[in-house]
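Colleague: Could you put the whole structure together from the sequences, leaning on the hints where they help?
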Amino acid sequence: AQTVTQSQPEMSVQEAETVTLSCTYDTSESDYYLFWYKQPPSRQMILVIRQEAYKQQNATENRFSVNFQKAAKSFSLKISDSQLGDAAMYFCAYRSIGGTSYGKLTFGQGTILTVHP
Amino acid sequence: GAGVSQSPSNKVTEKGKDVELRCDPISGHTALYWYRQRLGQGLEFLIYFQGNSAPDKSGLPSDRFSAERTGESVSTLTIQRTQQEDSAVYLCASSLTSASSYEQYFGPGTRLTVT
Chain A
1 AQTVTQSQPE
11 MSVQEAETVT
21 LSCTYDTSES
31 DYYLFWYKQP
41 PSRQMILVIR
51 QEAYKQQNAT
61 ENRFSVNFQK
71 AAKSFSLKIS
81 DSQLGDAAMY
91 FCAYRSIGGT
101 SYGKLTFGQG
111 TILTVHP
Chain B
1 GAGVSQSPSN
11 KVTEKGKDVE
21 LRCDPISGHT
31 ALYWYRQRLG
41 QGLEFLIYFQ
51 GNSAPDKSGL
61 PSDRFSAERT
71 GESVSTLTIQ
81 RTQQEDSAVY
91 LCASSLTSAS
101 SYEQYFGPGT
111 RLTVT
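Going line by line, the protein sequences match chains A and B.
Just so we're aligned, residue 1 is where the first sequence starts under the numbering used here, counting upward by one.
Just so we're aligned, residue 1 is where the second sequence starts under the numbering used here, counting upward by one.
Simulated from the structure, these hints should not be mistaken for laboratory data.
In this text, a Cβ means the ideal position worked out from N, Cα and C, and glycines have one as well.
A few of these clues could be false.
To be verified - Which residues of chain A face chain B? A partial, calculated answer using Cβ under 8 Å:
#1 L47
#2 Q51
#3 K73
#4 S101
#5 G110
Modeller: Following this line, the structure appears as C-alpha cells:
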C-alpha cells in the first residue's frame with residue numbers, strides 16, 4: 001500500500017515571499033500521479049498542481065511549482081510571491097495509474113500555511 | 001456549470017442513530033468517490049463507484065458504513081448505529097471517469113457530529 005507523509009504540520013510565510021512545503025511518499029509502483037490540493041476554511045478541495053511520475057520535468061502552474069525527486073520519493077511544493085489568499089491547509093496526494101484501486105487518492109496529513117501581511 | 005453538491009452541510013446526531021449523507025455529482029461524471037476527513041487530518045478513501053461496475057469498497061471502516069449510487073446520479077452514504085469516532089467531515093468527489101488522468105472535483109463536504 002502507498003503512504004504519503006507531510007512532516008510539517010504548520011508553516012508560515014510573509015506576503016510576497018517564497019515558501020516550500022514538503023512531502024514524501026512510499027510506493028513500489030513505477031508510474032503514478034502526485035498532486036497538491038489546497039483546502040481553505042470553506043472545506044472545498046482545490047487542485048493546485050499535478051505531476052505525472054514518468055515526466056522528468058517539474059510541473060509549474062503560475063506561482064506554484066514542484067520539485068519532484070522520483071528516486072528520493074520526494075514531492076515538494078514551492079509557492080512564490082505568496083499572497084494572503086494562499087493561506088489554507090495543503091495536502092499532498094498520490095494516485096496509482098493501474099492496479100485494483102487506481103481510482104482513489106491517498107492523502108498526507110496536511111500542512112497549515114499561514115501568510116502574514 | 002454546477003459543481004459537486006452535498007447535503008446536509010452539517011449534521012448533528014445522537015450516538016446509535018443512523019444517518020444518510022447525500023452527494024450530487026457533476027452532470028456526466030461517471031465516477032464518484034467518498035472520503036472521510038477527521039479533524040486536523042488528511043482525507044481517507046472510503047468507496048468509489050465507476051459507472052455500472054461493482055464499487056470499490058476497500059476503504060469502508062466497518063459494516064456500519066454503506067453507500068449506494070443509482071446509475072450515474074446521486075449517491076447516498078449511510079452510517080448505521082453512529083459512534084462518536086464517526087464524527088468527521090465526509091467529502092464527495094466526482095470525475096468524468098475513474099481513469100487516473102481525470103481530475104476529481106470535490107464537494108464542500110458534510111460535517112457530521114455524533115454526540
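Colleague: Please go over all the hints and tell whether each is borne out by the structure.
Modeller: Now the hints, each set against the structure:
1. L47: The hint holds - L47/A has a Cβ within 8 Å of chain B, the shortest such distance being about 6 Å.
2. Q51: 12 Å, violated
3. K73: 17 Å, violated
4. S101: Because about 6 Å separates S101/A from the closest Cβ in chain B, which is inside the 8 Å limit, the hint holds.
5. G110: 5 Å, holds
When the structure is compared with the earlier hints, violations turn up for hints 2 and 3 and for no others.
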